[in-house]
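Spelled out from the first residue to the last, the chains are:
Protein chains: 2
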Amino acid sequence: MYGLYNYGQLIADEGRTRAYAESLKRHVTSASVVVDIGTGTGIFALFAARLGARKVYAIEADDAIMFGRRIAAQNGLDGRVEFIQGLSTEVQLPEKADLIVSEIHGVLPAYQRSLVSIIDARDRFLNPGGCVIPRRETLWAALVEAAPLHQKIAGVWGKDVFGIDMTAVRPTAVNTWQKTRLCPPDLVTSPQCWAVLDYAVLESPHVRGGASWKIHEHRTAHGIGAWFDWEGADGVTFSNSPLSGERHIFGQAFFPWPEPLDLCQGDEVHVQLRSDAVGSEHVHGWETIVRGKDGGTKAAFHQSDFLGQIWSPEQLRKPNDGASVVRS
Amino acid sequence: MYGLYNYGQLIADEGRTRAYAESLKRHVTSASVVVDIGTGTGIFALFAARLGARKVYAIEADDAIMFGRRIAAQNGLDGRVEFIQGLSTEVQLPEKADLIVSEIHGVLPAYQRSLVSIIDARDRFLNPGGCVIPRRETLWAALVEAAPLHQKIAGVWGKDVFGIDMTAVRPTAVNTWQKTRLCPPDLVTSPQCWAVLDYAVLESPHVRGGASWKIHEHRTAHGIGAWFDWEGADGVTFSNSPLSGERHIFGQAFFPWPEPLDLCQGDEVHVQLRSDAVGSEHVHGWETIVRGKDGGTKAAFHQSDFLGQIWSPEQLRKPNDGASVVRS
Numbered sequence: 001m002y003g004l005y006n007y008g009q010l011i012a013d014e015g016r017t018r019a020y021a022e023s024l025k026r027h028v029t030s031a032s033v034v035v036d037i038g039t040g041t042g043i044f045a046l047f048a049a050r051l052g053a054r055k056v057y058a059i060e061a062d063d064a065i066m067f068g069r070r071i072a073a074q075n076g077l078d079g080r081v082e083f084i085q086g087l088s089t090e091v092q093l094p095e096k097a098d099l100i101v102s103e104i105h106g107v108l109p110a111y112q113r114s115l116v117s118i119i120d121a122r123d124r125f126l127n128p129g130g131c132v133i134p135r136r137e138t139l140w141a142a143l144v145e146a147a148p149l150h151q152k153i154a155g156v157w158g159k160d161v162f163g164i165d166m167t168a169v170r171p172t173a174v175n176t177w178q179k180t181r182l183c184p185p186d187l188v189t190s191p192q193c194w195a196v197l198d199y200a201v202l203e204s205p206h207v208r209g210g211a212s213w214k215i216h217e218h219r220t221a222h223g224i225g226a227w228f229d230w231e232g233a234d235g236v237t238f239s240n241s242p243l244s245g246e247r248h249i250f251g252q253a254f255f256p257w258p259e260p261l262d263l264c265q266g267d268e269v270h271v272q273l274r275s276d277a278v279g280s281e282h283v284h285g286w287e288t289i290v291r292g293k294d295g296g297t298k299a300a301f302h303q304s305d306f307l308g309q310i311w312s313p314e315q316l317r318k319p320n321d322g323a324s325v326v327r328s
Numbered sequence: 329m330y331g332l333y334n335y336g337q338l339i340a341d342e343g344r345t346r347a348y349a350e351s352l353k354r355h356v357t358s359a360s361v362v363v364d365i366g367t368g369t370g371i372f373a374l375f376a377a378r379l380g381a382r383k384v385y386a387i388e389a390d391d392a393i394m395f396g397r398r399i400a401a402q403n404g405l406d407g408r409v410e411f412i413q414g415l416s417t418e419v420q421l422p423e424k425a426d427l428i429v430s431e432i433h434g435v436l437p438a439y440q441r442s443l444v445s446i447i448d449a450r451d452r453f454l455n456p457g458g459c460v461i462p463r464r465e466t467l468w469a470a471l472v473e474a475a476p477l478h479q480k481i482a483g484v485w486g487k488d489v490f491g492i493d494m495t496a497v498r499p500t501a502v503n504t505w506q507k508t509r510l511c512p513p514d515l516v517t518s519p520q521c522w523a524v525l526d527y528a529v530l531e532s533p534h535v536r537g538g539a540s541w542k543i544h545e546h547r548t549a550h551g552i553g554a555w556f557d558w559e560g561a562d563g564v565t566f567s568n569s570p571l572s573g574e575r576h577i578f579g580q581a582f583f584p585w586p587e588p589l590d591l592c593q594g595d596e597v598h599v600q601l602r603s604d605a606v607g608s609e610h611v612h613g614w615e616t617i618v619r620g621k622d623g624g625t626k627a628a629f630h631q632s633d634f635l636g637q638i639w640s641p642e643q644l645r646k647p648n649d650g651a652s653v654v655r656s
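Protein chains in written order, with the working numbering: chain A, 1 to 328; chain B, 329 to 656.
The hints are simulated quantities; they were obtained by calculation from the structure and are not laboratory data.
Predicted, not measured: the structure shown is a model, and the values here were computed from it.
Mixed in with the good hints there might be a few duds.
Claimed, not checked - List of simulated lysine-lysine pairs, BS3-like, C-alpha gap at most 25 Å:
| no. | chain 1 | residue 1 | chain 2 | residue 2 |
| --- | --- | --- | --- | --- |
| 1 | B | K487 | A | K25 |
| 2 | A | K55 | A | K96 |
| 3 | B | K542 | B | K626 |
| 4 | B | K507 | A | K152 |
| 5 | B | K621 | B | K542 |
| 6 | A | K152 | A | K179 |
| 7 | A | K159 | B | K353 |
| 8 | B | K424 | B | K383 |
| 9 | B | K507 | A | K179 |
| 10 | A | K179 | B | K480 |
| 11 | A | K25 | A | K96 |
| 12 | B | K487 | B | K507 |
| 13 | B | K383 | B | K353 |
| 14 | A | K25 | A | K55 |
| 15 | B | K480 | B | K507 |
To be verified - In silico negatives: residues of chain A with every beta carbon more than 10 Å from chain B:
| no. | residue |
| --- | --- |
| 16 | R54 |
| 17 | L93 |
| 18 | G129 |
| 19 | D229 |
| 20 | G245 |
| 21 | P260 |
| 22 | V278 |
The beta carbon of each residue, even a glycine, is placed where N, CA and C say it ideally should be.
Construct all of the structure, not just a fragment, from the sequences and the given hints.
Next up, the structure:
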């Protein structure tokens, strides 16, 4: 859940907000019934209403929905938008929709209940032939140099701090990932696509994919960077790639390796990434195998932010929202 | 509650961690019984044990306490430190302590239950003649220029966004404050002390104070900056002042005004600041009066982050932890 500051920052991301506005413009007619899931302070629902949609259902669990109602009233759109406070997965609507719009991202599209919610909304709310915004998100990865961030994640747990050896924490700490801001020189390899989320047909909220690179020059890498390209309609896109020249609020995800790796010419790096919907969260896994020119294994890491959680025995005994968590 | 990344960042703030280590060194003897409230991953408790304290009680509500136990075992200090998971205000100890140490700050010392917890621990756990680390924190304020941050807090709510008038949110948004990083040129006035927290005698968890400035040159200001100086023992200090040349993890607090103010030579600015312990939070208030050279009132603002919360009617009807919240 966000504060007003965060909602404001999202709206102020002009490239993002403009892409949604433009996508809605392509799809909304005076006959449209639109559903906005995770509407926040209501911006996309209000865009749709302003574009003349016959009816807009704006669903949001957070109390921020109150501001959506106020903005709607101030803009004379309250007759057209119905605000419903709750999780979209628990809401029933009285009619089918022609369009579902949502922006319930974190750094990556798979965040909290995002994919579960989009699939559910599409299957329960959408008319045959209706469409979903975004219609597609493409996930990218590259190996990256990120010495300062790796140090922040793992470094403090790798040493003696005024006489106390803190290394007991390090194996857990390197299983946490962070939002970051990558620049083109940070990329040790070219980006590769590891997954495509096509929301018209997406069946599973569990995202899995892989990427491989052959190393052409000696570089040190600290882990894996990941980001997404967004597409709302033909030619209406934005990109969170560090190579795109755009700068969006989402940043990129950095999945650290336990140790920096010196990659040599001829090395091959194979990465498997996954993001599993578990209860109200996504659990991320990242596996890495590095093979040297001679085919021998130089490194093999099996990491997960499940292993990076602080779980006490008591915490693990709590009922976990109906989901099953398997330490894999 | 923090993740490991945040705990690591706190420990990695060397000026802060060194000041605690040095203060403990001044106070801990082989006869000492020490209580560390909010021990996190245990660092100060472990420092005290390493310095030879007879017994250390390390209290922490978060599951991170598990790492404290592991680090203690790894360092052979687990016989000397007893980790207790819970809120210090709900814990009973079998003996009195000679020393209480805590770092349960946010940006400012008054954060969540911090002051309530320190006062309670001192009154219930401490031997007469015992001491508290920190022993004193001094709170400072200055008027500041902070156009980009003011824009982030309020700007997006002050305008038309692709055809939607968002101004209904602005009166709430300007009642939220943010962590920031001030530089010396951002200060429009010299800093003034507005409160001193002397933990040996502090009676109230509600912090209140004021400051006034006479303006000597024309400047635009966007609100009030606030920070603290820390003192653990004679000559053992650190400062979070933007003028100190030190850079600590805490940053400074920025309390925005509803609008930037053009301050002219001869203007007088009077500010009242308060931080009231309410339930499990501190609620901040900031009041500003600006008088012109002629004595007339140029501006008067009455702000509070209580007014900046997103409260739905349902939220306000929830039981609020025994505390009473009065909209003032």
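We went through each hint and held it up to the structure:
no.	hint	result
1	K487/B <-> K25/A	holds (21 Å)
2	K55/A <-> K96/A	holds (11 Å)
3	K542/B <-> K626/B	holds (14 Å)
4	K507/B <-> K152/A	holds (20 Å)
5	K621/B <-> K542/B	holds (10 Å)
6	K152/A <-> K179/A	holds (12 Å)
7	K159/A <-> K353/B	holds (21 Å)
8	K424/B <-> K383/B	holds (11 Å)
9	K507/B <-> K179/A	holds (18 Å)
10	K179/A <-> K480/B	holds (20 Å)
11	K25/A <-> K96/A	holds (20 Å)
12	K487/B <-> K507/B	holds (24 Å)
13	K383/B <-> K353/B	holds (15 Å)
14	K25/A <-> K55/A	holds (15 Å)
15	K480/B <-> K507/B	holds (12 Å)
16	R54	holds (18 Å)
17	L93	holds (21 Å)
18	G129	holds (27 Å)
19	D229	holds (22 Å)
20	G245	holds (21 Å)
21	P260	holds (17 Å)
22	V278	holds (17 Å)
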